[in-house]
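Protein chains in written order, with this note's numbering: chain U, 1 to 116; chain G, 1 to 114.
Misleading hints may appear alongside valid ones.
Selected chain U positions facing chain G (in silico; Cβ < 10 Å) [unchecked claim]: (1) I4; (2) P9; (3) F12; (4) D29; (5) P30; (6) Q39; (7) F47; (8) Y64; (9) A88; (10) R95; (11) I105; (12) A108; (13) F113; (14) A116.
In case anyone wonders, no lab produced these hints; they're calculated from the structure. Glycine included, every Cβ here is placed at the ideal spot set by N, Cα and C.
Next come the chains, spelled out residue by residue.
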Amino acid sequence: AQKITQTQPGMFVQEKEAVTLDCTYDTSDPSYGLFWYKQPSSGEMIFLIYQGSYDQQNATEGRYSLNFQKARKSANLVISASQLGDSAMYFCAMRDLNTGGFKTIFGAGTRLFVKA
Amino acid sequence: NAGVTQTPKFQVLKTGQSMTLQCAQDMNHEYMSWYRQDPGMGLRLIHYSVGAGITDQGEVPNGYNVSRSTTEDFPLRLLSAAPSQTSVYFCASRVNSGRQETQYFGPGTRLLVL
């Protein structure tokens, strides 16, 4: 069965520093996609970054990068040069592309606080 | 493009009442989903649809019905509201375009059942 685990309920980071948000997953499907979403206090879900299980390189999108360690089944989000506007909830998500191609499951989330 | 729209934004119901949460997308996406978000639990899939006329259950389907008569619309019906259905509901639609399989979310509907 699919499972996403985010073990950090809350994280603090100083403005302009980098922060890593942890995500581990479990699946028996060799083909899957991993996602990170940001949810600010206004409530909307904002897509940040995507990593496919067969992608050779770690995904990057601006200040966001995904540290994908397939053998460890981890997909940590790295935010470089944190900004005050990065304060939000962050969700890791996964979809099996073969057996569960229509279902995306989410972790419980990590709340990030950026300090000035 | 308006993207994914949801109505209403807020709703208060009494136990036993029924209502429909509306969701529409103008991106011609085949896949649409409904999630509920409860504190500390992330998003959980209620129902999803892979195209007009095709729906299926997610993780937490009990107490909810859906239909998909058009590509654009995917309403969620609460048959007899219960306090346990107090939550924030998100509708999402998805495109499958190679490497970027991204879901687009609506702004959410906050539902309170008394």
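Tell me the numbers of any earlier hints that the structure contravenes, in ascending order.
3, 4, 5, 8, 9, 13 and 14
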